[in-house]
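Visitor: So the protein sequences, as listed, match chains S and F. Residue 0 is where the first sequence starts when you use numbering that gives the first Met the number 0, and the numbers rise one by one after that. Residue 0 is where the second sequence starts when you use numbering that gives the first Met the number 0, and the numbers rise one by one after that.
Derived by calculation from the structure, the hints in this document are not laboratory data. Incorrect hints may have been included.
From the structure, some residues in chain F lie toward chain S, with a derived Cβ separation under 8 Å [said to hold, decoys possible]:
hint, residue
1, Glu-37
2, Thr-279
3, His-284
4, Tyr-328
No residue lacks a Cβ here, since even glycine has one placed at the ideal position from N, Cα and C.
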Amino acid sequence: MTIDVWLKAACEDADRRGLPDLKPLLENLARSMAALRDADRFVDRLHLVP
Amino acid sequence: MTAGLQSISQIVPLLRSGDVSPVDLVRQCLERIDARPELNAFITVMRESALSEAQTAETQIAAGRYRGGLHGIPVSVKDLVDVAGTPTTAGSAVPPRNPKADAPIVTRLREAGAIIIGKTNLHEFAFGTTSEESAFGPVRHPRDPSRSAGGSSGGAAVALLEGMCFASVGTDTGGSIRIPSAVCGLAGLKPAFGELPCDGIVALSTTLDHVGPMARHVADLSVMFDAMAGFAHTDRAGSSRSYVFGVPETYFCDRLHPAVRAALGRTRDALARAGHEIRTVVIEHAPCTADVYLHIVLPEASWYHAPLLAESADRYSRGVRLRLEMGRYVLAEDYARALHLRTILRRAVEDAMRGCDALLLPTLAIPAPTLGATTVDVEGRQEPIRAAMLRLTQLFNLTGHPAMALPAGTTDDGWPVSVQLVGSLDGTARLIEIASVVEAYSTGGDRSVGGGTG
Chain S
0 MTIDVWLKAA CEDADRRGLP DLKPLLENLA RSMAALRDAD RFVDRLHLVP
Chain F
0 MTAGLQSISQ IVPLLRSGDV SPVDLVRQCL ERIDARPELN AFITVMRESA
50 LSEAQTAETQ IAAGRYRGGL HGIPVSVKDL VDVAGTPTTA GSAVPPRNPK
100 ADAPIVTRLR EAGAIIIGKT NLHEFAFGTT SEESAFGPVR HPRDPSRSAG
150 GSSGGAAVAL LEGMCFASVG TDTGGSIRIP SAVCGLAGLK PAFGELPCDG
200 IVALSTTLDH VGPMARHVAD LSVMFDAMAG FAHTDRAGSS RSYVFGVPET
250 YFCDRLHPAV RAALGRTRDA LARAGHEIRT VVIEHAPCTA DVYLHIVLPE
300 ASWYHAPLLA ESADRYSRGV RLRLEMGRYV LAEDYARALH LRTILRRAVE
350 DAMRGCDALL LPTLAIPAPT LGATTVDVEG RQEPIRAAML RLTQLFNLTG
400 HPAMALPAGT TDDGWPVSVQ LVGSLDGTAR LIEIASVVEA YSTGGDRSVG
450 GGTG
């Protein structure tokens, strides 16, 4: 799932559940998610081979 | 304040000789608790049981049945930890659990003779760094009630700082022992992951949670750690060997309050002058720590709290509830990414430690923040409080390495600052030994390798 699609769905769900003040936190989480995925792309997965 | 308060190691000979009574110690602690209720340090004060246990301890010691280094010593327990017969509130208005049994950590402390004086206040469910979101009122710093004592084990730190107990039990999922220890000028130990049992303790994040001791001095931490681990106490003070310290400057020294930077430099220089070796090291991938941490702590906390949220969502404080709700949106693939990166980070710390006895770095980038603040200025850049406070500690919850906060002087206006020592994965006892040497330098003393305290 792309981050944009995830964020849109998450914010809509937060509204539906009556938690609009969750949206700024979800936007922060989206930024963190992007950084996490970038970091994951740049580390060498072969390091995990025993 | 800590100056003038006796340490466990000072009081033990007086207890053994009968010159000091456990009953008097408990009464003294209760008087101090009663003297500053506005600090909100305690949620439950166990007045009657503590006095009764003190009377028993006095009788046993007088009869020669001395049980060890904590016999007759008043100790506080964070109210996240089960103590039989008292509610475990976790600092929340959510209905508490009412344990019939002590957590194993408490059982061990009692076996070592400790007297549980009460349950300390905390950031609700340990999910915060300032101890201001608590159903029992914000924990206030004794120096200035408008400032935070740190968190989440904020009540534990205030209890120590004010002489309301001689040692405290805290928990640490991202820095919750080390952060309040730093803010209040205390010593706090997060042992290696899994080294002390977390059974009977309300979970926050089951793969990041640690329990450990807080105290006014390293020697007291050592006594507490041994008791909590079920070991016979070992005196770890007075090593005269030369140690190698790795200082990870990149990331860990990028943005610091000037007094924190100065404290690290002072400690580093004093260690070098005394004959210890200082190396600059690099922990690869450290800048991704916060993102990895967030994608593990959020879903794990949400999982644990799902049943409580279903029943009592409106009874959580707003900030804690929102963080728990946020965790429900973390995708499984991102949790897996975070677990993968966590393994990389663990290896990166191991690589940085190779050839070193310990890592030396700051504990907390800032001194005590103002209660209610959401951001803090660190070297000209505004940072969210929570991120700024977790930045230097959370890596070692991810990797499981033992880590300790040590007092390292103050800012110009008297606010405590701290340095952090990190040991090898199997080396908590050794870390305590090293800390007993570093303590003299970090607090401004001078002790040369091979020499005594100067």
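Visitor: A separate judgement is required for each hint: does it hold in the structure or not?
Guide: Going down the list of hints, with the structure as the test:
Taken as an interface hint, Glu-37(F) does not check out: its beta carbon lies about 30 Å from the nearest beta carbon of chain S, beyond 8 Å. Violation of the interface hint for Thr-279(F) is found here, the shortest Cβ-Cβ separation to chain S being roughly 23 Å, above the 8 Å cut-off. Because the closest C-beta pair between His-284(F) and chain S is about 7 Å apart, less than 8 Å, the hint holds. With its C-beta approaching chain S no nearer than about 5 Å, Tyr-328(F) sits inside the 8 Å limit, and its interface hint holds.
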